[in-house]
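Peer 1: Chain by chain, the residues:
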Amino acid sequence: MHELLIIAGVLLIVLNIAAGLIYVERRLLALWQDRYGPNRVGPFGLGQVIADMVKIFFKEDWIPPFSDKAVFVIAPGILVATLLLTFAVVPFAPGFNVFDSNIALLFFLGNSSLGVYSIVLGGWASNNKYSLLGAMRASAQMLTYEVFMGLSLMGVVMMADSFNLTGIVEAQRHGWFIFPQFVGFVIFLIAGIAETHRVPFDIPEAEGELVAGFHSEYSGMKFGMFFVGEYMGVTLVSCLITILFFGGWLGPAFLPPVVWFFLKTGVFICFFILLRASLPRPRYDQLMSLGWKILLPLTLINILVTGAVLIYLQ
Amino acid sequence: MNTFFYIAAAVALISTGLAISGRNAIHALLFLIVSLLAISVIFYILGAPFIAAMEIIIYAGAVMVLFIFVIMMLNVGMESEKESRWLKPGMWILPSLLALILLVNFVFMLNKMSHQNIPGRIIEPKEVGISLFSTYVLGVEIAGMLLLAGIVGAYHLGKQKKKVLHRFLKQEEIEQPGNTEG
Amino acid sequence: MVREDFICLTPLMIIAGAPVLMMLVVAVIRSYKVIYGLSLSGFILAFLSIFFLLPVIPHATGQLFIFDGFTILFFVIIILACLLITILSDGYLVYQESEKEEYFIILYTSALGALVLAAASNFVTLFLGLEMLSISLYVLIAYRRSRDNSIEAAVKYLILASGASGFLLFGMGLIYVDTGSLEFTKIVMALQSSGFSSPLLLTGFSMMVVGIGFKLALVPFHMWTPDVYHGAPVPVATFIATVSKGAVIAVLLRFFYAIEGFRNHNFILLITVVSILSMFIGNLLAIRQQNLKRILAYSSISNMGYLVITLLIGTKGGIDAAVFYIASYIITTIGAFGVITLLSDRDNEAEKLKSYTGLFWKRPWVAIVLTLTMLSLAGIPITSGFLAKFYVILEGLNAGLLVLVISLIINSVIGLYYYLRVVTILFSPPNDVKFPAISPAGRLVLFIVTLGILWLGIFPEWFFNLIARF
Amino acid sequence: MILLFLILILLAGGALAWITGKWSDLLPRVISLVALSLDLILLIAIYNGQSAAGNNSWWIDYRVDWIPTFGISLHLAIDGLSMLLLALTMFIGLVSVLISWKEIHEKTGFFHFNILWILSGISGVFLSMDLFLFYFFWELMLVPMYFLISIWGHENRIYASYKFFIYTQASGLLMFLSIIALYFIHGRSTGIYTFDYIQLLGTTMAPTVAFILMSGFLAAFLVKLPVVPFHNWLPDAHTEAPTAGSVILAGLLLKTGAYGLIRFVLPLFPEASVTFAPAGMILGVIGILYGAKLAFAQTDLKRLVAYTSVSHMGFVILGVYAFNEIAMQGVVVQMIAHALSTGALFILVGQLYERIHTRDMDRMGGLWKQVPVMGATGIIFAMASLGLPGLGNFIAEFLILAGTFQASILMTCLACAGLVAATIYSLRIVQKVFLGKEKTTWNISDLSVREKIISASLVITLVYLGMLPQQVIDTAKPSVLKSLNSIEQTRSQNTGKPTGEASIWCDEINTDGASAKYLKCKLW
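Chains as they are written, first to last, in the numbering used here: chain A, 1 to 314; chain B, 1001 to 1182; chain C, 2001 to 2470; chain D, 3001 to 3524.
Only pairs whose alpha carbons sit at most 25 Å apart, straight line, appear in this in silico SDA-like list of lysine to any residue: (1) B:Lys1126 to A:Gln172; (2) D:Lys3022 to C:Phe2435; (3) B:Lys1126 to C:Gly2173; (4) A:Lys293 to C:Val2028; (5) B:Lys1159 to A:Met136; (6) C:Lys2186 to B:Gly1129; (7) B:Lys1159 to A:Trp292; (8) B:Lys1126 to A:Tyr312; (9) D:Lys3022 to C:Asp2432; (10) B:Lys1159 to A:Met288; (11) C:Lys2362 to D:His3154; (12) C:Lys2156 to B:Leu1066; (13) D:Lys3022 to C:Ser2428; (14) A:Lys69 to B:Ile1071; (15) B:Lys1159 to C:Glu2152; (16) B:Lys1159 to C:Ser2146; (17) B:Lys1126 to C:Gly2180; (18) C:Lys2362 to C:Pro2430; (19) B:Lys1126 to A:Ala160; (20) D:Lys3163 to C:Ala2367; (21) B:Lys1126 to A:His174; (22) C:Lys2100 to B:Leu1147; (23) C:Lys2156 to B:Leu1147; (24) D:Lys3022 to C:Ser2439; (25) B:Lys1159 to C:Val2028; (26) D:Lys3022 to C:Trp2361; (27) B:Lys1126 to A:Gln314; (28) D:Lys3022 to C:Arg2443; (29) D:Lys3163 to C:Ile2368; (30) A:Lys69 to B:Met1072; (31) D:Lys3102 to D:Asp3025; (32) A:Lys69 to B:Ile1014; (33) C:Lys2316 to D:Gly3071; (34) D:Lys3022 to C:Leu2444; (35) A:Lys293 to C:Glu2099; (36) A:Lys293 to A:Pro282; (37) B:Lys1126 to A:Met154; (38) C:Lys2100 to B:Gly1150; (39) A:Lys129 to B:Leu1066; (40) C:Lys2156 to B:Tyr1059.
Calculated directly from the structure, the hints in this document are not laboratory data.
Here the structure is a predicted model, which means the values were calculated and not measured.
Build the full structure now, drawing on both the sequences and the hints.
Peer 2: This is the structure we're talking about:
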């Protein structure tokens, strides 16, 4: 019963944060770009989220006749499912997680690599050339960045001597990993943005070039899933940054651990939005060469150095 | 525990069979991915969580994406227009169902399973690493060379070259002027 | 890792280091001459390094490799064969329009695979070596993509070889389940206590036979051979026929003798059937071929049929016979393919039997080399092939394998027919096909091969002693 | 060492001939002549030295290790029989080189290389005292012979050369198997693993095993000889080969089979040979009659001559299995006489073919007018072939028949019928070719000086052999006795009762019951 409660709690929190982010992002963007943002529905435009949801739910759920229907339907589901599954291993506070896995980090990596399918398949199944282009870009981009997203975390793993997220957090009692693993942090951050294909790495959707990329043909709740999925991704990456580099729920005792956790996470979510507000989109080839030629070698060097130092210290 | 194994194994078998018999390349690949997921579950049951994760990250996550990528580029789905007519709900319900069974299976496992239930010993990732870099370090080196061979080969074969006509096409080309004259 | 480990691994390290070095050189400057020089010197260096191994053998490196006299012999055979193939490839690659450099890199990785196989004492190295060999070969077969049949051959090899690898792996898995180890020695120990009783084990071994049989092109798994030989560039076909088979034979012999498979009725039956089928089908199918490469392909099938007889002999003499046979077969085959390689030009390979009509009157020395190789394959005295067959027959009779020996003899006669066909064509009245001139290096190879065939055929004693010593 | 030189001179001469063939047609011919003459001189020297040294059974015995791992040695030895056959080899070799002087225009170097290598292979066979070495040379002579037929032969040469090669190789391999089996049987019983002939001689084995092993040897020798069921390759090979090839085939290659029987089969497997004797004799008689019948039916002159070989070789096997000295001596003389007479007939055919470019007897006739000298020699050779007294073949056939009579009267009678047939086919040659009506008007020249020399030398040797055979018989005697010795021992072990199927069989045939006394071998 306890477990079921936790599952329900996690689901509730995650979905709410994701939905709330729709509003938060628009407001924050507006703030940084010196405009109003949604402010008509309810006090401070807070009702906007509900209005949007109602709109999405009731919109015609149109499946294009030229599409590969089965795949078209499955695709958005995959995104949401993999993201939600990953949250199962995220420890929000000591004991406040669904499943304390010994390979939690690998579980995250595995799920994020499966998440690619949703975009690739969605773009392909739409049977539309812009969507296909988006899907191709997505698969190349995400494959590239997945490689060193995993590798960038290996420094942390080496230092914590565990794949278990709780263990990693506990290992930071005497110092956040952001300091020794700064390179790893930067790379993970970049890779995280690319994984969630947020601006500036939103090349798969790039509305200026590809209309809306892989989800051009989607509408209704299917589009909603992609939409919410993106925010869930942002939340997840922020959670992981918090856990891996910023000591997770650890913090001075005047606040409960959960609060510390969400505070830190919130900062990173805002950072994601700040990026969107401020950075232009790079070209596709620039993105790829940045990945393969700079970030990958950097990651490998990071692993080598970390290993060497650890062995030296032993 | 055995039940979980049989369920996963059945899913793996069925989806592999469907992958082989599938007419649509992308659908076949999707079945293959499901099969890989099922195999990963089996690994997990056997007490090899690291391999289970790797199975997903590398095979399901990377290799298969590349496959799909290539197939999308090859435009194998030319006939999907025709095939889409055959695509009744019955077709797509099956993969969803299989995946669903797997999911349920997995979730139950996560809850019901404590480590004592696992037959045999659980192999921690650390152990895997140690054995790879002590006993089997030469094997790892050799595997590295193996990949080198693969990379160099792929580079060579994949490199764009001047267009070469297939021998059948060559013949057609020769015949062409004759036809126009006629 | 102790000092001896490193000494023993030197040849492997040189063969592994050379391609990396080559890649670095290619990254800096793409010069064919440099790469070719590097690859030549790499093999020579590896060969010389074998002498350092002599004082430390026998020595086991970890659980993965065993370096004993048997390994050394095969190292020598493989490296020398690779050296000759490298020289042959040089002449052939002149016609490759661009990107000749990668060829040598991949040749090296495949050679490494072969060496790993020869030294393998563990399923891990067995499989890795085999895979390295296969993966390099996929690329090498398709190396000249513009040629007509090359892609077809590569795809055929790719698909069938992966299937075979799958069988091999599954077989190993089953054996592991039953014996609990991947090491040959431990498997042997487990077998000694339990015997071959378990059906799981027998299934496993049978599946391994499928995998290995594919590599050796033994009969039920031989379908790929002619097409792949036909489609592959000639030096690559040479490699498949010689080094690849030699290495697989090495590991097969080691494993089979370790588990004493020759005592088990099932194995005796299995090997006997496979061997007889290979001999007959290989030889009978060769008779009608019009393409020299295909003839050699079928001939290799039957030769492997002869060779697996040695598995059932079960004495030191059996191993010695196998080593002598494979050495003789490799040098002969390099000679035969070498002639094809050296006579190939930009547009077509000299593979059609017809184009050889009357070669003797135009290019007597080349024709003599080819004749000599054919006679050696047929097992006519003064060539090494004769003594090799003699050795196998001798040991086979000693072990009482009467059926196999007699079918070997029947097949020698059948084989004679198509080898003679080639020879006859060489000596027929000449036609007007023009062949390119042969480079000095090519002549050197042919000279070495001829010398080898005759030397092994007339003065084999030193080689017998060498084999017996290790 | 001198024995090794005999072979090496030929090998080196062959290589030299080939190399010099590039520059001149004449050089290879001269080199071949020189090499062969050198060998002949060496042989004469050996013979003379032997006469002085006394009558040891092996005149010279040369032995060095070759592949000691398997107990293989380079063991060469010479005795009377080998001496005769080697002298014959060199003589026939010289003749073949001479007759090819004009016939072979192209690729002379390679041609002479082949001739000399065949001859060296044959010499090796006659000299080897090591079974492995014996097989080595046995196979070595095939390859150049194959080239000889397939390159310089007539229209159907490819087919003929394949047939020749595959027949002999297949049967040779069976012998090889027997050799290896013998090696193991000897090795296991004595602990000494060796291929040495002299050591293997006393090997004891079960009768069935001995019989099987003997069959392996027989396969090779009977095919080479050839004995009737296995004679199929011979007419093709002989017909399609160039003249020199036919001469060497008929004159020498067939003799290796007979030599093998005398040297190896009888001493190595005495008991099995006794068992096989009746069958052997029957095969011989069948060969004589069937060969003669086929010869008579031919229209192709060369093919006719080829079939006469089958018939003549029937006498050889008949004589060998009569198991007495008279017959055996006859066999030796027959080998030489047949080589000379049949070789001469092939030469005649070759000369005719050079002139009229056909071998079809129906198109010949009445040639005597144009070529009287050729006609005269032709008649002499035909007479030799039919066994006219005064020529070598008569002595040979008489001795064989006399010897066989002691073993089986019926066989002798049937063999005599063969003589009649021989008369018919030999006379038919003379009749159809030289006498009778002229069917086509040929305008041809008579024998040249070179050809006259060849023919004359052949005629002289034939007459010498016919008139004064004693020297040959004396030379061969120790070897013949050696070969019969083991048979003799086998028989004497079983004295008292007529054991051995041979004698039982003889009893059945000879109903007068007088045969028993013939079983005792008498010395002549």
